[in-house]
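**Student:** On the provided structure of chain A, position chain B as indicated by the hints.
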Amino acid sequence: MGADVSAPDSGGGKKGPGVKKQARKDTKVDMTPMVDLGFLLITFFVFTTTMSTPKAFKLNVPDDSAKDEEKNEAKASGAFTVLLGKQDHVYYYEGQLLPDGSNFKSSNFKAIRNEILKKKANTPEKDLVVIIKPNEESNYKNVVDMLDEMQIAVIKKYAIVDISEGENALIKITEGGSVPPSGGK
Amino acid sequence: MSKLNKIAKKSTWVDMTAFVDVAFLILSFFMLATKFKPPEVIKIENPKSVSSENQPDKDVFKVSFDAQGRVFVSFSSDPEGKEKAQGLAQQLSKQKGLNLSNAQIANFVRFSVGGIGVPVTQLPSFLNFSEGEYKQFPQPGIPVQDSTNNQLNDYLNALLTSTGGRKPTNVMLNGDNGTKYPYFKNVLAAFKKNGIFSFKLITSLEGVPSGTPLYKQQNERK
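These protein sequences, in sequence, are chains A and B.
Residue numbers for the first sequence follow my numbering, beginning at 90 and rising by one.
Residue numbers for the second sequence follow my numbering, beginning at 21 and rising by one.
These are computed hints drawn from the structure, not numbers from a lab.
No incorrect hints appear here.
For the chain B half of the interface with chain A, some residues (derived, Cβ under 10 angstroms), not all of them: (1) V40; (2) V42; (3) F44; (4) P67; (5) G198; (6) P202; (7) Y203; (8) S218; (9) F219; (10) Y235.
Just so you know, even glycine gets a beta-carbon here, dropped at the ideal spot from N, CA and C.
Pulled out of the complex, with its shape left as it was, chain A reads as follows (with noise of 0.2 angstroms):
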C-alpha cells in the first residue's frame, strides 16, 4: 500500500487532484507530551544533583611533641598575630603583645587581608609567621577562611595556636563593649 502511494507521488505527477491529497499528508508531530517529559527530566536533575563539585584543601598540622623547639624560632619581630573572636570579628596585634594591649587592634575579614600584605611587604620572608588563634566562640568558617588568606596573601608560614587567657580577655572586652583596647587611638 505504501509503494503504491509513494510511486505516483515520486514520479512527478504533482498536479493531479488525487496526488496532491495525499503529498499534503500532515506530517506534524504533537511535541507537547515530549515537551513535558524533557521538563519532568531536567526537574528530576536539578532536584538530585549539585551543581558544586567540593574542592580539597590541604591541611598540614604540626606534630605537637615537637612544638616547643619550632615555637621557638618564631622572630617577635616577624610574629603577625590574628585572634578570632565570636560572630566574625577578628583581632590582631603585630610582634608581641604588650602589657597594656595597645598594639591590639580590632579588624574584620575584608580589611585583615590588607593589613596581612602591608606585614609581608614590611618583613624578611623568613622572618614572617602568621599565628592564627581562634576562642571558643569563633567558627569552623572562621577558621578555615583565615587559612585560605594565607593561600592568598601567600604566606609560607603559619600556625594556629589555642589563645592565651590574657588574649581571650581582650576579646571578651572588646565584644563586651566596655573600653575597646584601641579605642585610644
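**Tutor:** Just chain B now, with coordinates in the frame of chain A:
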C-alpha cells in the same frame, strides 16, 4: 462575516520542536555538569576556599562535624573504603568488647557510606537498625568534647590497628560553617594523637581575589 469566519478558523497549532530542543539542551547540561547528591544523613554547609584541587572520591575516610558539633565518620562506597570500614568495625568490636555479629558489621559497612555518629557503647543497638530506621534515627554524634573521653580517638585507633598502622590515603574533614572552633580542635587533637597530620578540608570553590599575591602568582604561571 466571511472575514470573521476566516479568523476564527486559523489554526492554533504551535510548532513545539524548538521547545523540545531547548528542553533537551538544558537536560543534557544538567546531566553533564552536575553530580548526584551523596546520600548524607547530615546536613553540612562547607566553607569556601580558593583551593581548586578536586576532591578524591576513592578510598576516602571522612570525618564530618555539623553545626551542632556532632561528629560522624564515613567511608567511601568503593571496595577499598568498604574494606577499611569492615576492618574498623571488627577491630573496634574486639578492642571495646562489643561482640558485634557479622550482620552488625555488615550494617556498619552499609551505614558508613552515609555517616556513623554514635558513641562506642551505643554501637551494638545502633547496628541492629534497618536502613529506614538508620535514616530516621537522630544520631548523637561521636563524643569529642571531653579530652579524656574523646571517642573519635577510639575509632581512629581501631582503624589504624586494622590497617596495621598504615594511614588512610585520603583523610577528609567535612566541617560546617557554623561549627564552633573547639569541636574542630578536638577532632584535630584525636587525629594528632594517632599520628595523622595531613588532611584535606572539604570546601567549595571561591575565585581568587584579583591583585593579591596568589592571583599574581597564578597569572605568572600561565
